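In the order they appear, the protein sequences are chains A and B.
Each residue of the first sequence is one higher than the one before, counting from 1 in our numbering.
Each residue of the second sequence is one higher than the one before, counting from 1 in our numbering.
For the record, the hints were derived by calculation from the structure and aren't laboratory data.
Please read all numbers here as calculations on a predicted model, not as lab measurements.
Every residue, glycine too, gets a C-beta built ideally from N, C-alpha and C.
Hints are not guaranteed to be accurate.
The following label-pair restraints were derived from C-beta to C-beta distances [unchecked claim]:
#	chain 1	residue 1	chain 2	residue 2	range
1	B	Glu477	A	Ile32	45 to 51 Å
2	A	His21	B	Glu477	46 to 52 Å
3	B	Asp496	A	Asn210	53 to 59 Å
4	A	Pro150	B	Asp457	26 to 32 Å
Mimicking SDA-like on lysine to any residue, the simulated pairs with C-alpha atoms at most 20 Å apart in a straight line are [stated by the list, open to error]:
#	chain 1	residue 1	chain 2	residue 2
5	B	Lys344	A	Gly440
6	B	Lys344	A	Trp439
7	A	Lys434	A	Ala459
8	A	Lys311	B	Gly441
9	A	Lys434	B	Gly441
10	B	Lys439	A	Gly440
Calculated Cβ distances over 12 Å to all of chain B for the following chain A residues [as the list claims (entries may be wrong)]:
#	residue
11	Glu78
12	Gly141
13	Lys205
14	Asp248
15	Leu390
16	Lys392
17	Lys434
18	Gly463
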Amino acid sequence: MESSVPDFILFLGRFHPLVVHLPIGFLIFAFILELYGRWKRDSGTSLAIEFALLGGALSAAVACVLGYMLSLSGDYDESMLDTHFWFGIATTLVVFFAWSIRSGKLNITKLKGLKPNMASLTLVVVLVSITGHYGGNLTHGSDYLVKYAPFGRKEKVVLPPIDKLEDAAVYDYLVNPILDAKCASCHNSNKKKGGLSFQDSIDIKKGGKNGEAFIAGNVAKSEMIRRTMLDPHHEDYMPPEGKTPLTDEEKSILTFWIEKANADFRVKMGELETPEEITSIASNMLGLEDVTGKSGIPLPKAVQVNEEILKDIADAGFKVRELIFESGLYEVVLPPHFISSKNGEELDGKLEKLLPMKDNIIWLSLKDNDVRDRHLKTIGQFVNLQKVELEKNPITDVGIAEITGIQSITGLNLYQTKITASSFENFIKMKGLKRVYAWGTAITEAEVTSFAEKENRPAIIMGM
Amino acid sequence: MCDHHDKLRSNNRDLQSIEKQWDRREFFKKTSLGIGAMALGSLLQSEKLWGAVNPVAGSIDSLNSFAKNKLGLPHHLPKAKRIVYLFQSGGPSQLDLFDYKPKLKDMFGQDLPDSIRAGQRLTGMSADQTAFPIAASTLNFKQYGESRAWVSDAMPYLSEVVDDLCFIKGMHTDAINHDPAITFFQTGSQQPGRPSIGSWISYGLGSDNDNLPTFISLVSKNGSGQPLYSRLWGNGFLPTEHQGVQFRSGKDPVLYLGDPENYDGNDRRQMLDYLKKLNGMAYDAFGDPEINARIAQYEMAYRMQTSVPDVTDTSDEPDYIFDMYGPDSRNPGTYAANCLMARKLLEKDVKFVQLYHQGWDQHGNCPGGVKYQSKNTDQGTAALIKDLKQRGMLEDTLVVWGGEFGRTVYSQGQLTETNYGRDHHPKAFTMFMAGAGVKPGFTYGETDDFGYNIIKDPVHTHDFQATLLHLFGIDHERLTFKHQGRRYRLTDVHGDVVKDILI
Chain A
1 MESSVPDFIL FLGRFHPLVV HLPIGFLIFA FILELYGRWK RDSGTSLAIE FALLGGALSA
61 AVACVLGYML SLSGDYDESM LDTHFWFGIA TTLVVFFAWS IRSGKLNITK LKGLKPNMAS
121 LTLVVVLVSI TGHYGGNLTH GSDYLVKYAP FGRKEKVVLP PIDKLEDAAV YDYLVNPILD
181 AKCASCHNSN KKKGGLSFQD SIDIKKGGKN GEAFIAGNVA KSEMIRRTML DPHHEDYMPP
241 EGKTPLTDEE KSILTFWIEK ANADFRVKMG ELETPEEITS IASNMLGLED VTGKSGIPLP
301 KAVQVNEEIL KDIADAGFKV RELIFESGLY EVVLPPHFIS SKNGEELDGK LEKLLPMKDN
361 IIWLSLKDND VRDRHLKTIG QFVNLQKVEL EKNPITDVGI AEITGIQSIT GLNLYQTKIT
421 ASSFENFIKM KGLKRVYAWG TAITEAEVTS FAEKENRPAI IMGM
Chain B
1 MCDHHDKLRS NNRDLQSIEK QWDRREFFKK TSLGIGAMAL GSLLQSEKLW GAVNPVAGSI
61 DSLNSFAKNK LGLPHHLPKA KRIVYLFQSG GPSQLDLFDY KPKLKDMFGQ DLPDSIRAGQ
121 RLTGMSADQT AFPIAASTLN FKQYGESRAW VSDAMPYLSE VVDDLCFIKG MHTDAINHDP
181 AITFFQTGSQ QPGRPSIGSW ISYGLGSDND NLPTFISLVS KNGSGQPLYS RLWGNGFLPT
241 EHQGVQFRSG KDPVLYLGDP ENYDGNDRRQ MLDYLKKLNG MAYDAFGDPE INARIAQYEM
301 AYRMQTSVPD VTDTSDEPDY IFDMYGPDSR NPGTYAANCL MARKLLEKDV KFVQLYHQGW
361 DQHGNCPGGV KYQSKNTDQG TAALIKDLKQ RGMLEDTLVV WGGEFGRTVY SQGQLTETNY
421 GRDHHPKAFT MFMAGAGVKP GFTYGETDDF GYNIIKDPVH THDFQATLLH LFGIDHERLT
481 FKHQGRRYRL TDVHGDVVKD ILI
């Protein structure tokens with residue numbers, strides 16, 4: 001089917017979306033001129049209308065031809081295409097008709113009394129609108145226009161929330177959302193690029209022009225995943241240039257579904273042997289707690305911090321750096337020795353100042369600043385912290401207990417503090433914690449060795 | 001201040017008339033354009049408009065441009081906050097250090113098969129050889145750590161930390177001679193003139209410590225060989241304040257920081273303020289951004305008068321730290337001492353510390369040369385990694401070790417049972433990284449039985465540079481600088497991030 005159409009025809013066809021705007025402009029302009037002429041009772045516009053109609057008619061004819069060429073690609077839904085096709089031709093014919101009346105080339109006495117000009121122009125505008133609307137539906141999908149309309153919004157099918165990963169159907173909860181977000185804008189029931197639609201399981205099984213979209217259990221032969229794995233510059237790479245590519249995690253999920261779940265549309269996570277990597281990706285996708293503790297902690301969604309607040313914090317002596325541009329996620333550093341035992345009281349006030357942006361701070365460094373246990377109570381509220389540097393401060397085990405609620409911390413620097421091995425219990429409570437630096441504390445190598453035998457515990461890193 | 005300068009004024013009649021024209025232009029500029037620009041500025045968010053002009057010295061206001069980067073960086077969450085790049089200049093022999101090839105022992109003295117060399121170009125130094133006899137390493141290799149990484153006995157200290165290292169055994173580069181190869185590694189281009197990696201990072205991410213340069217280079221005094229030149233840490237076409245500042249390898253890393261005899265230094269601030277004013281006038285007249293860079297550097301130098309003695313003073317380091325870095329570390333300017341200094345600079349949040357150690361160019365007497373070089377560097381490198389780790393700094397500090405290329409499996413010159421030389425080999429060599437965001441205890445890539453060609457997971461110089469920037473939160477394709485009509489990047493039009501070595 002594909003090979004019968006020469007590339008050059010398709011190349012020309014792609015100019016259709018460009019050229020169609022010409023008749024639309026011409027014709028609406030003619031209509032406006034007509035209205036203006038009647039309102040001002042000015043017949044001076046007459047020549048311009050005639051010219052605009054001719055331009056509209058010719059460009060509409062060209063658009064029709066190009067549109068036909070484009071339709072040969074077979075990427076579009078047949079029935080919708082038909083409507084657009086016939087309306088397009090009808091519009092073109094009516095425009096020619098309107099132009100002939102206007103220019104006097106066609107003189108039908110019967111129409112004389114019917115104000116033919118106004119009537120034909122109104123018809124033209126209506127037809128152009130309808131044709132245009134169907135054309136838009138073809139390119140953007142039929143829900144494009146009113147998707148964000150304030151009225152009549154259809155509620156999407158909402159999947160019932162689940163508490164356990166085992167209950168999640170692989171396709172419904174993991175695969176379909178990815179296809180929906182990354183593929184369905186071009187592969188749906190209306191716009192079937194390459195003849196492929198991801199609308200529902202029946203369509204997916206049907207495949208596209210190049211054959212089946214997937215071969216259960218065989219990733220290498222499954223076109224829908226093979227193409228996402230190619231070099232981004234490759235001709236067959238999907239999604240095409242300009243669209244958001246699949247992330248590595250998304251590719252892993254699709255691979256898992258085809259390979260391990262045999263591309264089954266019903267199977268649930270619990271029925272499959274799931275590698276840890278997939279468990280953690282899936283948990284993150286569904287917002288469930290990651291039981292493996294292996295995944296990188298997902299970045300919290302943060303609101304932007306007010307400039308005034310940042311300025312206030314910077315004036316208090318903190319260094320503030322945004323970690324990803326315009327993400328609202330920050331690193332906050334209090335330069336070492338800013339606080340000593342002499343001005344120790346000041347630290348309380350300074351930490352208070354951080355509270356307005358407590359959810360925005362993910363890296364925090366307060367090393368060598370006379371941080372005490374009472375300060376950790378404040379820090380305990382910074383629930384999105386990932387990397388915390390508290391070394392060289394008189395902190396004890398009591399202080400550590402205050403921050404165990406922060407599950408996102410992965411690296412905790414406590415070297416040269418006053419903690420002991422009794423903090424180990426608290427480290428285990430911190431699920432995300434991977435590394436604790438404890439050189440120069442009361443903790444001994446022997447204690448670390450015995451702690452190392454426990455499961456799901458962070459590494460305790462000592463020194464010489 | 002009792003000066004009455006507010007404009008540059010000339011005594012020359014002709015020049016004076018030009019200056020009058022300037023004044024008229026100035027008037028128009030300040031009235032019409034100025035108001036227009038201000039209006040536009042408020043539309044486009046003032047911060048972005050003035051952002052580019054901001055880095056004039058001394059303007060360290062509290063928020064600084066620190067909170068939000070004017071270049072739209074970082075692009076993603078960084079893993080690394082700082083880096084120490086231990087450049088082993090000359091091209092260390094991977095075959096005598098890390099890339100263990102036991103099968104070569106049986107092929108001792110045999111000619112390297114043509115199928116392996118496959119017509120590859122050689123340097124002028126060995127291209128005329130009638131034979132290319134295979135030289136197996138005479139050094140002993142053992143596996144170490146939980147990662148079972150192979151290390152030769154030339155590096156006993158490093159073998160203790162292999163579980164923190166990520167070896168890249170499939171490095172390859174384009175250049176075959178020192179100058180282009182080292183320039184290529186440092187700047188992404190074999191021709192001189194592009195900015196060094198450290199300059200790109202300084203330009204892209206700015207400083208974490210206003211009192212020290214963002215990019216500092218140290219050349220150890222106990223290595224000698226192929227020359228190094230300041231353009232390797234040069235800023236190329238980037239603004240000059242981003243160039244690497246070289247610390248001297250001696251007792252005084254920066255000269256003339258102390259006050260001369262009979263001068264108390266009290267009016268220095270006043271002198272600098274006046275100088276800044278003069279420079280500011282020169283900038284108004286000529287508009288050369290280099291003048292701003294100069295102002296910034298004077299101010300940096302002023303701040304360094306207090307910050308540098310503080311950071312280079314190792315007297316408060318305990319003996320066991322010196323012992324860990326080895327006896328050389330008490331001798332300022334040696335590689336080991338520079339490693340210790342690097343740790344201190346990194347502790348002060350200097351973003352990019354680049355060490356160079358020359359002398360890895362073993363065309364002859366390779367076994368002896370490698371041992372000698374290792375003796376001077378092994379303990380310092382290993383100690384630096386241990387020291388950063390115990391302080392928790394390996395969490396966000398990247399350590400890079402490597403040269404500009406590797407060395408050939410065939411002997412350059414005479415091959416004997418105990419001695420051989422090795423020529424330059426760009427097609428396969430080994431580097432290692434450690435710390436922030438790279439997999440510890442991991443080996444990536446593989447070479448063939450001859451250590452000549454890469455058979456698995458090659459990493460090109462540009463890939464390495466892309467990965468390095470990636471760890472700092474920078475998309476190497478999006479950090480660009482427009483110069484001479486086009487936008488340049490460190491990796492030019494190449495480079496892929498080596499995701500497989502990232503955590």
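Handout entry: Minimum Cβ distance from A/Lys392 to chain B greater than 12 Å, as the annotation requires
Key = 10 Å, violated
Practice task
Hey, is A/Lys205 genuinely clear of chain B, shortest beta carbon separation above 12 Å?
Solution key: For A/Lys205, whose nearest Cβ neighbour in chain B is about 33 Å away, the distance exceeds 12 Å, so it holds.
Practice task
Compare the distance between the alpha carbons of A/Lys311 and B/Gly441 with 20 Å, and conclude whether the hinted pair is satisfied.
Solution key: At roughly 43 Å apart (the allowed maximum being 20 Å), B/Gly441 and A/Lys311 break the hint.
Problem - Cβ separation of A/His21 and B/Glu477, checked against the hinted range 46 to 52 Å - result: 34 Å, violated
Practice task
Please work out if A/Lys434 and B/Gly441 have their alpha carbons no farther apart than 20 Å.
Solution key: Holds - the C-alpha atoms of B/Gly441 and A/Lys434 are around 16 Å apart, at most 20 Å.
Exercise for the section: Check the non-interface label on A/Gly463: least C-beta distance to chain B beyond 12 Å or not. Expected result: 3 Å, violated
Problem - Agreement of B/Lys344 and A/Gly440 with the hint, judged by alpha carbon distance not exceeding 20 Å - result: 18 Å, holds
Practice task
Using the beta carbons of A/Pro150 and B/Asp457, state whether their distance is inside 26 to 32 Å or not.
Solution key: About 54 Å separates the Cβ atoms of A/Pro150 and B/Asp457, which means 26 to 32 Å is violated.
Handout entry: Pair hint outcome, B/Lys344 versus A/Trp439 [Cα-Cα no greater than 20 Å]
Key = 18 Å, holds
Practice task
Measuring Cβ to Cβ, find out whether A/Glu78 lies farther than 12 Å from everything in chain B.
Solution key: With a cut-off of 12 Å, A/Glu78 remains clear of chain B, as the shortest Cβ separation is near 41 Å.
Handout entry: Closest CB of chain B to the CB of A/Leu390 still more than 12 Å away
Key = 10 Å, violated
Practice task
With respect to the beta-carbon atoms only, verify the hint that B/Asp496 and A/Asn210 lie 53 to 59 Å apart.
Solution key: 28 Å, violated
In this structure, the hints that do not hold are numbers 2, 3, 4, 8, 10, 14, 15, 16, 17, 18, in rising order.
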